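*Asks:* Just so you know, the sequences run in chain order A and B. The first sequence begins at 1 in the numbering used here and counts up one residue at a time. The second sequence begins at 1 in the numbering used here and counts up one residue at a time.
By construction, these hints were calculated from the structure, which means they are not laboratory data. A few of these clues could be false.
Here are some chain B residues pointing at chain A (derived, C-beta under 7 Å) [claimed, not checked]:
#1 A412
#2 A428
#3 H457
#4 V461
#5 P483
All values derive from a computational prediction rather than experimental measurement. Backbone N, C-alpha and C define an ideal beta-carbon position, used for all residues, glycine too.
Chain residues, written in single-letter form:
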Amino acid sequence: MTQLSMHEPAGGGNPVLDLSKAPLPTAKTLGARRNLWLQFWRFVAFDLRIMRMVIKGHH
Amino acid sequence: MAEVLILGAGVSGHTAALHLRRLLGSQHKVTVVSPNSQWNWIPSNIWVGVGEMAKKDVVFPLAPVYARKKIGFHQAKAVAIRPKGDADDSRGAVDIEYTLPEKAGTTERLRYDYLINATGPKLKFEATEGMGPGGHTESVCTADHAVEANHKLREVIEVLKTGKPQTLVVGTGHGTCTCEGAAFEYVFNVDHELRQAGVRDLARVVYLTNEAALGDFGVDGMVFDQQGFQTTSELWTGSLFRERGVEAVVGTHVHRVEERTIHYETLDGTTHTLEFDFAMLIPPFGGVPLQAYDAEGNDITSELFAPSGFMKVDADYTPKPYEEWRAEDWPTTYAAPGYDNIWAVGIAFAPPHQISKPRKSPNGTVIAPSPPRTGMPSGVMGKTVAMTIADRIKHGTSAAPHTASMARMGAACVASAGTGLTKGSAAAMTMLPVVPDYQRFTTGRDERETRGELGLHGHWVKLMLHYLFLYKAKARPGWQMIPE
Numbered sequence: 001m002t003q004l005s006m007h008e009p010a011g012g013g014n015p016v017l018d019l020s021k022a023p024l025p026t027a028k029t030l031g032a033r034r035n036l037w038l039q040f041w042r043f044v045a046f047d048l049r050i051m052r053m054v055i056k057g058h059h
Numbered sequence: 001m002a003e004v005l006i007l008g009a010g011v012s013g014h015t016a017a018l019h020l021r022r023l024l025g026s027q028h029k030v031t032v033v034s035p036n037s038q039w040n041w042i043p044s045n046i047w048v049g050v051g052e053m054a055k056k057d058v059v060f061p062l063a064p065v066y067a068r069k070k071i072g073f074h075q076a077k078a079v080a081i082r083p084k085g086d087a088d089d090s091r092g093a094v095d096i097e098y099t100l101p102e103k104a105g106t107t108e109r110l111r112y113d114y115l116i117n118a119t120g121p122k123l124k125f126e127a128t129e130g131m132g133p134g135g136h137t138e139s140v141c142t143a144d145h146a147v148e149a150n151h152k153l154r155e156v157i158e159v160l161k162t163g164k165p166q167t168l169v170v171g172t173g174h175g176t177c178t179c180e181g182a183a184f185e186y187v188f189n190v191d192h193e194l195r196q197a198g199v200r201d202l203a204r205v206v207y208l209t210n211e212a213a214l215g216d217f218g219v220d221g222m223v224f225d226q227q228g229f230q231t232t233s234e235l236w237t238g239s240l241f242r243e244r245g246v247e248a249v250v251g252t253h254v255h256r257v258e259e260r261t262i263h264y265e266t267l268d269g270t271t272h273t274l275e276f277d278f279a280m281l282i283p284p285f286g287g288v289p290l291q292a293y294d295a296e297g298n299d300i301t302s303e304l305f306a307p308s309g310f311m312k313v314d315a316d317y318t319p320k321p322y323e324e325w326r327a328e329d330w331p332t333t334y335a336a337p338g339y340d341n342i343w344a345v346g347i348a349f350a351p352p353h354q355i356s357k358p359r360k361s362p363n364g365t366v367i368a369p370s371p372p373r374t375g376m377p378s379g380v381m382g383k384t385v386a387m388t389i390a391d392r393i394k395h396g397t398s399a400a401p402h403t404a405s406m407a408r409m410g411a412a413c414v415a416s417a418g419t420g421l422t423k424g425s426a427a428a429m430t431m432l433p434v435v436p437d438y439q440r441f442t443t444g445r446d447e448r449e450t451r452g453e454l455g456l457h458g459h460w461v462k463l464m465l466h467y468l469f470l471y472k473a474k475a476r477p478g479w480q481m482i483p484e
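So here's chain A without its partners, still in its complex pose (with noise of 0.2 Å):
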């Protein structure tokens, strides 16, 4: 699994991350975080998850 974890000394001496392999987002994803349809039925999804999880984990 690609891991974050190599320090590149840059940007005035500070071990700043090398996030090069991090993936970017495409403009279809960044499009989708956005989209007010979808992100409507991902806040329902979302309310049901925590919902769920309070009824499984919580007692």
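With the hints as your guide, set chain B onto chain A.
*Replies:* Just chain B now, kept in the frame of chain A:
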């Protein structure tokens, strides 16, 4: 008649007070002691810190709520616990000192039958020279701190508008800090504000964290199932840092802060300096200082409290290496050892150890995120102990305690990455359990329930939680239907 005394009116203490009042008849007394006059929904302080919300949007006065719910309230700080009473009365007692302006400095001894310690954290800015609102860095730990942080941020934005580049640093100060999630939220909200102001290209934004890897969040990171593949929270959050152009420095311990210069060490033992124009660094938390005395007045503080100031509960505090940590180390009832009428919940209880793997630099500097125990788990603990006490009062002291281990319960963590009903964004995460259990799950957590998503819906969830929890904390009709 039984008297229940609750120290602290944060998420866990306030939740416990409301549930106790709901569960107990009016013949029983529920009393809260808090040095603060207001309740604060701390997760939204992030938005106060970037000027998207005002202080009044995240706080409300406690006294009217407690008056309406017939809960006693002393605006005071607890200074000492006397679990076996004193020469006059063998009932347990707590010494308090009023912070209410009209009675400031006045002391009183309150008796109790049942005691909940929910005093929350002491913000230990003093652990790092030059850090904190009295020094050279900002904070968003309280609503007032967040207001001040926003003032400073606006000044920096005005300078950027003149065309002068600025460096903004957000993160954790001391190597043993917790609440990395708050720093994560704040850095992306700052980034969002800079973009909104049209000055992002002139700003260098740096995230400085004690986490050994991005996405650790003090919970040893997470593994998500994403479209049939396992991915780590490290890679997932790294993607956001890269997309937003936020530089990250991990595994840090800040030694001192001078005006515009941060001196820090990293896990490899090297030391560095970072010049800044604006910095928000989270301080480490300690227990609120409380003394404990036996009936004869002998100091028994070390019996009740860990050296960190947090109260010992039913956890396994035997020192052991990371590889031997188990879910069973974590407390389930939150009862203080040796006392069947004292509990500690929320940040006030002493965790058995960290959740993330603790590390030291070659110089011996401890760089180990402390376990987060705020928000959802705090509320669950408060309610659990309230139910235990209510059962004891109603059915006798042999009633079985309710349990809520952080190694069993789940939590939702919604980290805002910018506001706006159509332009906002957040990293919405769920994890079950909070403390990974590698004996039950190969990745430490239930992969079906442990997820991470980025998007506008995350902002809506965080906004919804803001309004829901303020409604609940105000004890409006049906408040008990809203889960912790």
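*Asks:* Hints first: check each against the structure and report whether it holds.
*Replies:* A quick look at each hint next to the structure:
1. A412: This interface hint holds because 5 Å falls under the 7 Å limit.
2. A428: Holds, about 6 Å.
3. H457: Where the cut-off is 7 Å and the nearest Cβ of chain A is about 4 Å from H457(B), the hint holds.
4. V461: 6 Å, holds
5. P483: 5 Å, holds
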